[in-house]
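Asker: Read top to bottom, the protein sequences are chains A and B.
Mind the numbering: the first sequence is residues 19 to 184 in this note's numbering, read in order.
Mind the numbering: the second sequence is residues 3 to 279 in this note's numbering, read in order.
To be clear, the hints were calculated from the coordinates, so they are not data collected in a lab.
Note that the structure is a prediction, hence the values are computed from the model and not measured.
Hints should not be assumed to be uniformly reliable.
Examples of chain B residues toward chain A, derived with CB under 10 Å [as the list claims (entries may be wrong)]:
id	residue
1	Ala6
2	Lys12
3	Met41
4	Lys42
5	Leu51
6	Ala58
7	Ala59
8	Gln105
9	Val106
10	His109
11	Ala204
Taking lysine to aspartate or glutamate pairs in the DMTMM-like style, the calculated list, with each CA pair at most 25 Å apart, reads [to be verified]:
id	chain 1	residue 1	chain 2	residue 2
12	A	Lys74	B	Asp80
13	B	Lys180	B	Asp255
14	B	Lys174	B	Glu65
15	B	Lys42	A	Asp60
16	B	Lys50	B	Asp120
17	B	Lys29	A	Glu37
18	B	Lys61	A	Asp87
19	B	Lys29	A	Asp87
So the derived label-pair ranges between C-beta atoms look like this [unchecked claim]:
id	chain 1	residue 1	chain 2	residue 2	range
20	A	Cys59	B	Tyr257	14 to 20 Å
21	A	Glu102	B	Pro189	35 to 41 Å
22	A	Gly119	B	Pro233	53 to 59 Å
23	A	Ile172	B	Arg44	43 to 49 Å
24	A	Ser173	B	Gly224	51 to 57 Å
Virtual Cβ for every residue (Gly too), placed ideally from N, Cα, C.
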Amino acid sequence: MNTSIHVTVNGVQYSHMVEPRLLLVNYLRDVLRLTGTHVGCDTSSCGACTIHLNGKATKCCTILAVQADGCEITTIEGLSHNGELHPLQEAFNECHGLQCGFCTPGMIMTAADLLQHNSQPSETDIRHALEGNFCRCTGYHNIVKSVQYAAEKISESAVAPAEVKA
Amino acid sequence: MIPAAFEYEKVTTVDEAIAALSNDDTKILAGGHSLIPAMKLRLSRPAKLVDIGGIAALKDLKEEDGEIVIGAAATHADIMYHNLIRTHLPFFTEGASMIGDVQVRNHGTIGGSLAHADPAADWPALVLAADATIEVRGSDGSRRIKATDFFTGLFTTRLGPNEIITAVRIPKPADGAKSTYQKFPQPASRFALVGCAVIRFADGSTNIAFTGVAENAFRDSGAEQALAGKPVNEEHITAAVNAALQNVDVLGDHYASIPYRTHLAKVFLRKALWAVK
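Starting from the given sequences, assemble the full structure and let the hints guide the process.
Answerer: Here's what the structure looks like:
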């Protein structure tokens, strides 16, 4: 029997009738056509499907769409605003943080969760936070650099208005 | 991979959950981070899921009558970041931070982990060492099961088919207790190839529990007795390590042979005991 769900994805409200066994990642990709969220291992190991569910990094291949009823979801498509890249997206571009790019949306969503809690993470903090995201191109070094670059960018923009006033 | 079809019911109270469990072949869905992977692989094929994710009362974490009470649906991250836990049960904070990864910690729950009773899960060793009691409720009311009686074998516990875990109750350790959780994680899954939880009390008693070593997590009474009332030093640590794992059927698999896992467990017990010295 289908169940009705109401979710807010990247600021837009949606209501659908879904089968209880529909995974959240398939709801996002196949129903909403938000294909930036990838399916990698499909066993909650690789992190390619990471999104934010009520602000928390979540592997949505291991969540049912019905569990997300009433929740706020952010996907990689929801990170940029008015055509301006999120500092993490800019950083991955600047620091060559991607090769094939398959893991990138998940990497960025997990890193965004980290930067919300820890605005100046050490290299160890970053590597620990990204434990649940695999890069099969093994480009971890530049991924870590990208997160450091984004953290600096975000803290610079946070102090910039005060400097302008002075 | 998509699970086989099932019926779904979202409940808002524990009583509703228990009523729903009276149907055969119904399973509780909390964080889903053990159950959904098992369902995707058809290792589990319940006819119905009862989603308890909406029961706010099960997420409570509080101090009550000298005990720390953790609601069954508290996530690993909820526990890891909670000040009460950091203050009174620092090895729970340490252990929670080693479970899976950030995303898994955000959804997996302590109650789910205990009910699932994976032989390599972290919480079983921690609740055993902390002398916790598991509070469960069924159609006949509530009862409390000592953690030391709870785990009965591979993925099996004393939880009845129509019962649900509601909370984990841990006696607040007296001042001066030192605790640690030392773990050798399987590099991909982060489950424990060996995990050792130790709490040393100011009165000279020590609780020692292992996970990942046998079919279920267990307290190592041999090692505990070797240290009882003795100072934690090289001599007595070695005595405890030598006394550990007696009459334990150590698991061997393609990750770790029996001799290797036995060796690892003793190395991690030694590390843990030095950490509480």
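Asker: For each hint, tell me whether it holds in the structure or not.
Answerer: Each hint, compared with the structure:
1. Ala6: holds, 7 Å
2. Lys12: Holds. Min distance 7 Å.
3. Met41: holds, 8 Å
4. Lys42: Holds. Min distance 7 Å.
5. Leu51: For Leu51/B, the interface hint holds, since the closest Cβ of chain A sits about 7 Å away, which is under 10 Å.
6. Ala58: violated, 13 Å
7. Ala59: This interface hint is violated because 18 Å lies over the 10 Å limit.
8. Gln105: Where the cut-off is 10 Å and the nearest Cβ of chain A is about 5 Å from Gln105/B, the hint holds.
9. Val106: holds, 6 Å
10. His109: holds, 6 Å
11. Ala204: violated, 32 Å
12. Lys74/A with Asp80/B: holds, 12 Å
13. Lys180/B with Asp255/B: With Cα atoms ~33 Å apart, Lys180/B and Asp255/B exceed 25 Å; violated.
14. Lys174/B with Glu65/B: Distance ~9 Å between Lys174/B and Glu65/B Cα, so the pair holds.
15. Lys42/B with Asp60/A: holds, 9 Å
16. Lys50/B with Asp120/B: With a Cα-Cα distance of about 22 Å, the restraint between Lys50/B and Asp120/B holds, given a limit of 25 Å.
17. Lys29/B with Glu37/A: holds, 17 Å
18. Lys61/B with Asp87/A: holds, 18 Å
19. Lys29/B with Asp87/A: Distance ~19 Å between Lys29/B and Asp87/A Cα, so the pair holds.
20. Cys59/A with Tyr257/B: 14 to 20 Å: With a Cβ separation near 18 Å, Cys59/A and Tyr257/B satisfy 14 to 20 Å, so the hint holds.
21. Glu102/A with Pro189/B: 35 to 41 Å: holds, 38 Å
22. Gly119/A with Pro233/B: 53 to 59 Å: For Gly119/A and Pro233/B the Cβ distance comes to about 57 Å; the hint holds.
23. Ile172/A with Arg44/B: 43 to 49 Å: Since the Cβ atoms of Ile172/A and Arg44/B sit about 44 Å apart, the hinted range of 43 to 49 Å holds.
24. Ser173/A with Gly224/B: 51 to 57 Å: holds, 53 Å
Violated hints, listed in ascending order, are 6, 7, 11, 13; each of the other numbered hints is respected by the structure.
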